[in-house]
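**Q** Chains as they are written, first to last, in this note's numbering: chain R, 1 to 359; chain P, 1 to 546.
Worth flagging that the hints you see were computed from the coordinates, not collected in a lab. Being a predicted model, the structure only gives us computed values, none of them experimental. Positions of the beta carbon are idealized from the N, C-alpha and C atoms, including for glycine. Hints are not guaranteed to be accurate.
[What the hints assert, rightly or not] Computed footprint of chain P on chain R, listed as stretches where at least three residues anywhere in the stretch have a Cβ under 8 Å from a Cβ of chain P:
hint : region
1    : 119-128
2    : 171-184
3    : 221-234
4    : 310-317
[As the list claims (entries may be wrong)] Okay, derived cross-link-like pairs now, DSS-like style, lysine-lysine, Cα gap no bigger than 25 Å in a straight line:
hint : chain 1 : residue 1 : chain 2 : residue 2
5    : R       : LYS347    : P       : LYS52
6    : R       : LYS255    : R       : LYS174
7    : P       : LYS122    : R       : LYS215
8    : R       : LYS327    : R       : LYS134
9    : P       : LYS52     : R       : LYS174
10   : P       : LYS122    : R       : LYS348
[To be verified] Here are the computed distance ranges between Cβ atoms for each label pair:
hint : chain 1 : residue 1 : chain 2 : residue 2 : range
11   : P       : PHE128    : R       : GLN267    : 55 to 61 Å
12   : P       : GLU240    : R       : ASN43     : 37 to 43 Å
13   : P       : ALA67     : R       : GLN172    : 35 to 41 Å
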Amino acid sequence: MKQRALLSTMLTALVTTGLLAGCAAAPKPTQGGKEPTVANVRNQVVNLYSARNYAVDERLYAQFTKQTGIRVNVLKGNAEELIERLKREGQSSPADLFVTVDGGVLNNAREHGVLQPLASTAIEQNVPWRFRDKENYWVGLATRARVIAYAKARVRPDQLTTYEDLASERWQGKVLVRSSTSLYNQSLVASLIQVDGEQAATAWAQGIVRNMSRKPEGGDRDQVRAIAAGAGDVALIDTYYYGQMLHARDQEEVKAAQQVGIIFPNQQTTGTHVDISGVGLTKAAKNKANAIKLIEFLTAPDAQALLAQENCEFPVNLKAAQPGLLKSWGAFKAQPIDFAQLGADNKKALEILTTAQWQ
Amino acid sequence: MLLRDVKKHTNAWMLISLLGAAVILLPLALIPLSLFHAPNENWAHIKQYLLKGYLLNSLWLVLWTGAGTVITATGLAWLVAAHDFPLRGFFRWALLLPLTVPPYIAAYTYANMFSYTGIVQKSLRSAFGITPSPKWFGIMSLRGAILIFTLFLFPYLYLMIRSFVERQSAAYVENARVLGLGPWAIFFQVILPLARPAIVAGLALVAFEVLSDYGVTSYYGVATISTAIFQTWFGMYDVESAIRLAALLMVGVVSLLVVERIVRGNRRYSSSTTQSRPYVLRPLRGIHAVGAVLVCGVIFAFSFLIPFLQLLVWATWTYADVLNAAFGQMLFRTLYLTLVATAAIMLLATIVANVHRTADNALSYALSRSVTAGFSVPGAIVAIGVLAFFIGLDHLLAPLYARLGLGESPLVLSMSLTMLLVAYVVRFMATGYSAVEAGFARVGTNYTEVARTLGYGMTRSFFRVDLPLMRGAIVSGTILTFVEIVKELPLGLLLRPFNFETLAMQAYAYANDEMIQQAAVPSLLIIGISMAGVYVLHHLGEEASS
Numbered sequence: 001m002k003q004r005a006l007l008s009t010m011l012t013a014l015v016t017t018g019l020l021a022g023c024a025a026a027p028k029p030t031q032g033g034k035e036p037t038v039a040n041v042r043n044q045v046v047n048l049y050s051a052r053n054y055a056v057d058e059r060l061y062a063q064f065t066k067q068t069g070i071r072v073n074v075l076k077g078n079a080e081e082l083i084e085r086l087k088r089e090g091q092s093s094p095a096d097l098f099v100t101v102d103g104g105v106l107n108n109a110r111e112h113g114v115l116q117p118l119a120s121t122a123i124e125q126n127v128p129w130r131f132r133d134k135e136n137y138w139v140g141l142a143t144r145a146r147v148i149a150y151a152k153a154r155v156r157p158d159q160l161t162t163y164e165d166l167a168s169e170r171w172q173g174k175v176l177v178r179s180s181t182s183l184y185n186q187s188l189v190a191s192l193i194q195v196d197g198e199q200a201a202t203a204w205a206q207g208i209v210r211n212m213s214r215k216p217e218g219g220d221r222d223q224v225r226a227i228a229a230g231a232g233d234v235a236l237i238d239t240y241y242y243g244q245m246l247h248a249r250d251q252e253e254v255k256a257a258q259q260v261g262i263i264f265p266n267q268q269t270t271g272t273h274v275d276i277s278g279v280g281l282t283k284a285a286k287n288k289a290n291a292i293k294l295i296e297f298l299t300a301p302d303a304q305a306l307l308a309q310e311n312c313e314f315p316v317n318l319k320a321a322q323p324g325l326l327k328s329w330g331a332f333k334a335q336p337i338d339f340a341q342l343g344a345d346n347k348k349a350l351e352i353l354t355t356a357q358w359q
Numbered sequence: 001m002l003l004r005d006v007k008k009h010t011n012a013w014m015l016i017s018l019l020g021a022a023v024i025l026l027p028l029a030l031i032p033l034s035l036f037h038a039p040n041e042n043w044a045h046i047k048q049y050l051l052k053g054y055l056l057n058s059l060w061l062v063l064w065t066g067a068g069t070v071i072t073a074t075g076l077a078w079l080v081a082a083h084d085f086p087l088r089g090f091f092r093w094a095l096l097l098p099l100t101v102p103p104y105i106a107a108y109t110y111a112n113m114f115s116y117t118g119i120v121q122k123s124l125r126s127a128f129g130i131t132p133s134p135k136w137f138g139i140m141s142l143r144g145a146i147l148i149f150t151l152f153l154f155p156y157l158y159l160m161i162r163s164f165v166e167r168q169s170a171a172y173v174e175n176a177r178v179l180g181l182g183p184w185a186i187f188f189q190v191i192l193p194l195a196r197p198a199i200v201a202g203l204a205l206v207a208f209e210v211l212s213d214y215g216v217t218s219y220y221g222v223a224t225i226s227t228a229i230f231q232t233w234f235g236m237y238d239v240e241s242a243i244r245l246a247a248l249l250m251v252g253v254v255s256l257l258v259v260e261r262i263v264r265g266n267r268r269y270s271s272s273t274t275q276s277r278p279y280v281l282r283p284l285r286g287i288h289a290v291g292a293v294l295v296c297g298v299i300f301a302f303s304f305l306i307p308f309l310q311l312l313v314w315a316t317w318t319y320a321d322v323l324n325a326a327f328g329q330m331l332f333r334t335l336y337l338t339l340v341a342t343a344a345i346m347l348l349a350t351i352v353a354n355v356h357r358t359a360d361n362a363l364s365y366a367l368s369r370s371v372t373a374g375f376s377v378p379g380a381i382v383a384i385g386v387l388a389f390f391i392g393l394d395h396l397l398a399p400l401y402a403r404l405g406l407g408e409s410p411l412v413l414s415m416s417l418t419m420l421l422v423a424y425v426v427r428f429m430a431t432g433y434s435a436v437e438a439g440f441a442r443v444g445t446n447y448t449e450v451a452r453t454l455g456y457g458m459t460r461s462f463f464r465v466d467l468p469l470m471r472g473a474i475v476s477g478t479i480l481t482f483v484e485i486v487k488e489l490p491l492g493l494l495l496r497p498f499n500f501e502t503l504a505m506q507a508y509a510y511a512n513d514e515m516i517q518q519a520a521v522p523s524l525l526i527i528g529i530s531m532a533g534v535y536v537l538h539h540l541g542e543e544a545s546s
């Protein structure tokens, strides 16, 4: 009998711990959407589901809390998983804002009905229309360019000027690029569908696969290292990672990056592809006013300048100061595309990539 | 007759086991149920382009990793358990340490070490002026992935086989020695066949781990069935088809295990001799001793020491940028979450396994197999099931919440840690359960039956008879589960509450952003916690067997 008592005690203890754990950690982040006044400002919150995971974001949120007294709760995760969570939570969701890195994903969130349009003249002044959804279902925060990296020792930068050049026979066995599982590659192909048409995008993907110097592996930084090591001559990379490498603490990384130059492709033609980070107001938002205030803060020149400085991302607010590195790359022409269409074309892009056996 | 049968099996054990199974199976049910929906328009493309080659890669990965881990683990277990050589005591537990390193961190670390800017090429350049061909260091490939998985997953098998050899095989081995068999013959003709349940249990865990991995394979550019699942979800925005793919994977894996069980048939592997008979170690001398130390040393170096030291070096470069006040909290949360979840899993695993063993019928077998199914598919898919289950539960409880003044239709459970804890139980039941089940298979039912004949109830005989015999197996299961949860990622990523971060999440955030040097600090803390866990549990296990 004693043992039975022990068993049941153990079980009770277990269940209780579980429940206590749950209740203790259950945050109460949802507040009514009252306008903050001096009296209730202390309890004001804004709840974020964010797929961006950068130290600079945390710093900006902390600054926002300091300025306004509004606390920022963040739940981080992968973009698609967060959309799935928002979808399943429906109107009960505690999230006010959804933040992520890719235009296609932002549009996908809109398509899945988890966002709502927002209205704010400050935001419209901060962010030019081409970095926003037409109906303001989402607003851009920063961009990165997908550029061509080349070996300074073996390639003259005038030998290639476009994405299309990379697929030409001249670069057979010389092209380095990461896997098609990367959202950045999917987005690039989706954008090529828009500017060149589906057929040309298909031919392009096939050309790249033919020209690959090795099977896709690693991330963007690995492509830069591979150029330095001589595994290939040209690569497709994001400016964000290149900038991070140039600023790295590890001198070997800096040296490797210095052997590599970048070209902003298609300047005379369709423009360079940019990935956009953005934020949208969720349909279930309960702290709408605070949420809009946070977006206004994040798109204001000061926050934008910090973002550019710390994260090597291009600001969407043109009034923001740009750090030296970004300035040294110069102004460039970006693809004049509709980011919303990127999401719609992503599936087609992936089909093109997998059909071309871009692993 | 039937009534008596029902009555005989209806006790607290059965009830708890059914309840636990329900908690595990309800969230999991979503996955196989997807097979009954008609496939959507994407399915044709997925079948044509994302299934064939990807499935083949998965198969190769599982086969080669399986072969690699079985060879490494059985060899080492046999060496360490039955022979005496210098440093044996150290290697005996140190060979468990690779388990503490998350495979994706190991993958990033090795890739970085062998990259152009890594220590290997850098040293070759600066010391010898050699710029090696990039082809020499092609670790980011299918072969590389197999190597990483073998190096960092073999301890699953090693732990199970070693505890089997040490506890169970003494009599057989001594008889074989008396009959004049050499050590190799004993290994192949006695140990391997007898260790089959332990090998299968460990191998199943390795296969599960490899099949559900996305971190190592996606970084190394190896397109596997997980790649297909995530391409479908993240690229085609098609969750339904992704779940469908996972369902196929799950059904495939579970049926494979059932087939093995049927082939194994009624062969019994339990031993009816006295337990824990001290092993007479065969001393190795001269060249053999050197060889043994070398084999253990090289494997230990590659599967733990080298990546560990590299992480340590990186940590000294980056700790100033990375380490902040939040780390204390992260450390505490990781520990707390892991301990509670591990305790829950081991308790439930023991209960379900004990019920399964005493009520050996088809239903209990099906139950016991399906509670481990959560380990066979990518964690993110399990997470969707758990999420759906808890949001449903919250909606169900809405009237109660309203009464408690929590607002209209709030999310209480699904915004709390309870959801994550249950998710851990759903997913990692397999690690705990496999160890306990293998333990029960070894112990057999003879002693229990005697105890029951002498009038002990199920509970009493469990505590007085089975538990002391099972202690080693339970310790193994606890170690495996503990280290598994400390480094767990996908569930935490999708199911965490607001402002919640564990060490694994932090390490992943850096690694995923291609900042492996910054990931070194949280990774080392993960390894540290796991090492402490392994050390403590290892010594508990020692006490149990002495």
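**Q** If a hint holds in the structure, say so; if it does not, say that too.
**A** Going down the list of hints, with the structure as the test:
{"no.": "1", "hint": "119-128", "result": "violated (count 0)"}
{"no.": "2", "hint": "171-184", "result": "holds (count 5)"}
{"no.": "3", "hint": "221-234", "result": "holds (count 8)"}
{"no.": "4", "hint": "310-317", "result": "violated (count 0)"}
{"no.": "5", "hint": "LYS347/R - LYS52/P", "result": "holds, 19 Å"}
{"no.": "6", "hint": "LYS255/R - LYS174/R", "result": "holds, 21 Å"}
{"no.": "7", "hint": "LYS122/P - LYS215/R", "result": "holds, 24 Å"}
{"no.": "8", "hint": "LYS327/R - LYS134/R", "result": "violated, 29 Å"}
{"no.": "9", "hint": "LYS52/P - LYS174/R", "result": "violated, 28 Å"}
{"no.": "10", "hint": "LYS122/P - LYS348/R", "result": "violated, 42 Å"}
{"no.": "11", "hint": "PHE128/P - GLN267/R: 55 to 61 Å", "result": "violated, 43 Å"}
{"no.": "12", "hint": "GLU240/P - ASN43/R: 37 to 43 Å", "result": "holds, 40 Å"}
{"no.": "13", "hint": "ALA67/P - GLN172/R: 35 to 41 Å", "result": "holds, 37 Å"}
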